[in-house]
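A.B. asks: Take a look at the letters that make up each chain.
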Amino acid sequence: MEDGGVARFWREIPQRYNIIGNKCGSCNNIYFPPREACPFCRRKSIGKMQELKLCGKGEIVTYTIIHDAPRNFKEQVPYPIAIIKLEEGPKLTAQIVDCNINDVKIGMKVISTFRRIQEDGYTGAIYYGYKFKPLE
Amino acid sequence: MRDVAIIGVGLTKFGELWDKSFRQLTAEAGSKAIFDAGIEGKEIDAMYVGSMSSGRFVGQEHVGALVADASGFSHLHIPSTRVEGASASGGLAVREGYLSIASGLNDIVVVGGIEKMNDVGGNAAIETLVTAADQEWEAFFGVTFPGIYAMIATKHMHDYGTTKEQLAQVAVKNHANGALNPYAQYQREIKIEHVLNATTVAYPLGLLDCSPLTDGAASIVLCAADKAKEYSNKPVKIIASGQASDTLSLHGRRDICTLDSTVNAAKKAYKQANLSPKDIDLAEVHDCYTIAEICAIEDLGFIEKGQGGKAIENKITTLDGSLPVNTSGGLKSKGHPIGATGVAQIVEIALQLRKEADKRQVKDAKIGLAQNVGGSGATCCVHIMEAM
Numbered sequence: 001m002e003d004g005g006v007a008r009f010w011r012e013i014p015q016r017y018n019i020i021g022n023k024c025g026s027c028n029n030i031y032f033p034p035r036e037a038c039p040f041c042r043r044k045s046i047g048k049m050q051e052l053k054l055c056g057k058g059e060i061v062t063y064t065i066i067h068d069a070p071r072n073f074k075e076q077v078p079y080p081i082a083i084i085k086l087e088e089g090p091k092l093t094a095q096i097v098d099c100n101i102n103d104v105k106i107g108m109k110v111i112s113t114f115r116r117i118q119e120d121g122y123t124g125a126i127y128y129g130y131k132f133k134p135l136e
Numbered sequence: 001m002r003d004v005a006i007i008g009v010g011l012t013k014f015g016e017l018w019d020k021s022f023r024q025l026t027a028e029a030g031s032k033a034i035f036d037a038g039i040e041g042k043e044i045d046a047m048y049v050g051s052m053s054s055g056r057f058v059g060q061e062h063v064g065a066l067v068a069d070a071s072g073f074s075h076l077h078i079p080s081t082r083v084e085g086a087s088a089s090g091g092l093a094v095r096e097g098y099l100s101i102a103s104g105l106n107d108i109v110v111v112g113g114i115e116k117m118n119d120v121g122g123n124a125a126i127e128t129l130v131t132a133a134d135q136e137w138e139a140f141f142g143v144t145f146p147g148i149y150a151m152i153a154t155k156h157m158h159d160y161g162t163t164k165e166q167l168a169q170v171a172v173k174n175h176a177n178g179a180l181n182p183y184a185q186y187q188r189e190i191k192i193e194h195v196l197n198a199t200t201v202a203y204p205l206g207l208l209d210c211s212p213l214t215d216g217a218a219s220i221v222l223c224a225a226d227k228a229k230e231y232s233n234k235p236v237k238i239i240a241s242g243q244a245s246d247t248l249s250l251h252g253r254r255d256i257c258t259l260d261s262t263v264n265a266a267k268k269a270y271k272q273a274n275l276s277p278k279d280i281d282l283a284e285v286h287d288c289y290t291i292a293e294i295c296a297i298e299d300l301g302f303i304e305k306g307q308g309g310k311a312i313e314n315k316i317t318t319l320d321g322s323l324p325v326n327t328s329g330g331l332k333s334k335g336h337p338i339g340a341t342g343v344a345q346i347v348e349i350a351l352q353l354r355k356e357a358d359k360r361q362v363k364d365a366k367i368g369l370a371q372n373v374g375g376s377g378a379t380c381c382v383h384i385m386e387a388m
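If you read the sequences in order, they're chains A and B. Position 133 (the first sequence) corresponds to 133 in my numbering; numbering is contiguous. Position 223 (the second sequence) corresponds to 223 in my numbering; numbering is contiguous.
If you're looking for bench data, these hints aren't it; they were derived computationally from the structure. Be a bit skeptical, because a hint or two may be false.
Below, computed lysine-lysine pairings styled on BS3-like, alpha-carbon distance capped at 27 Å [claimed, not checked]:
1) Lys-74/A with Lys-44/A
2) Lys-310/B with Lys-105/A
3) Lys-48/A with Lys-23/A
4) Lys-271/B with Lys-305/B
5) Lys-355/B with Lys-234/B
6) Lys-23/A with Lys-57/A
7) Lys-85/A with Lys-109/A
8) Lys-271/B with Lys-237/B
9) Lys-227/B with Lys-13/B
10) Lys-191/B with Lys-13/B
11) Lys-74/A with Lys-164/B
12) Lys-191/B with Lys-278/B
13) Lys-133/A with Lys-53/A
14) Lys-105/A with Lys-164/B
15) Lys-191/B with Lys-237/B
16) Lys-85/A with Lys-305/B
17) Lys-109/A with Lys-164/B
18) Lys-355/B with Lys-85/A
19) Lys-310/B with Lys-229/B
20) Lys-85/A with Lys-48/A
21) Lys-105/A with Lys-20/B
One side only, chain B facing chain A, incomplete, derived with CB under 10 Å [unchecked claim]:
22) Ile-78
23) Phe-141
24) Gly-147
25) Pro-204
26) Ile-256
Even glycine gets a Cβ: it sits at the ideal position worked out from N, Cα and C.
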């Protein structure tokens, strides 16, 4: 992220703070992040995409542990990042927290948690959003 | 559709080229290709230039015109267009040139690819590379570009039993080939222990599983095939060009371990050439990370899905194997100046089919394939070539 550009962040707040996706009113497929149109129903889905809050529970599909990080993440290394398949179906990419990094495994059940993601330098905005932790 | 042939090729040395500028590199590769083609310059109908991110790497956009200007063609007013598809930019530029001749619009086209990556520091390079991924839904959360390929590797290891040693053998093989390529960034062999003991970048990938930051340019001259012999006594025909797209993010894909863009681009290319994977004598594939070469040989249909690691271990893809892959050294050892890579892959196949690959020449090479990937597989371009 560059200096400024706060609007670019706040317009995604519903998705990043509360995992709001959407559902196609035509075929009932669920999307995250929300799509303007359903890729399968296309024109039939226009005007029928309904907002849907996802439960934030899911399972790790795959993961990595980042050792060489971008500037805004350097203080956090090493940190695990995973692709998570949510219970409702969509997959997303997020950090895994609140566990030993060696315990992160494919198939692990996780739940979303609201966290600080990164800050835009010393004087810039702090960006928040979802990370995931083990589901006890 | 008209047939299209390659009548000239040119490369700069790949590496950390501190004393060469963006425009010097592009002019050098372009003029080598033009000399090789035996054309003068005014015959050129159009130019296409692949560059992923000249704006972030050297602070210069509008490089279609810049490349024509730097090559000395400003007074000829040749139309020159930049093509961008992340790390597939070069392959896409080749395809645009190919299509413009196949359509009948142009007879002679120069295609260039360029990236000057070492004019910025490591941080800026990391942040630029990840712009090939989804900025809002991948990079925002802290994943890096190697991190995305690392997630493919973790899944491949989990699902198919692929090992870190097998990944490492991709790098060892490509360095062995690169040692024979005078244009390669790293002209030296490495051992499997070097790869396994290298600093971790993104588990399970270490530094030597990753292609480097490279400066370099590549160029080819394309010509309508029926006119090719007027210029060259060793033209190479492009017998197929396939391209496909997929979701920008890795997490959006049907299967984490399959690049459906490669599967689809290859399917189109095989159909156009009326060939099957077993007809291919050698291939240049997009090994930006070691896992990427394993996925590539599977997705191109050479090896069954999941068996790529074993195929590397069984040395099927070495220079003297049954299907040599990345004889140039690949992105790993030859280097990966992003926009140049797709064009440089075509240069290597053309040199092999012209029997000019010197110490890395594949015997009886008749049909070669090049696979160029953008991002983690959102774009793929596959070309198949045959000696005329």
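A.B. asks: I'd like to know which numbered hints this structure contradicts. Please list them from smallest to largest.
C.D. replies: Result: hints 1, 9, 12, 15, 18, 19, 21 and 22 break, sorted rising.
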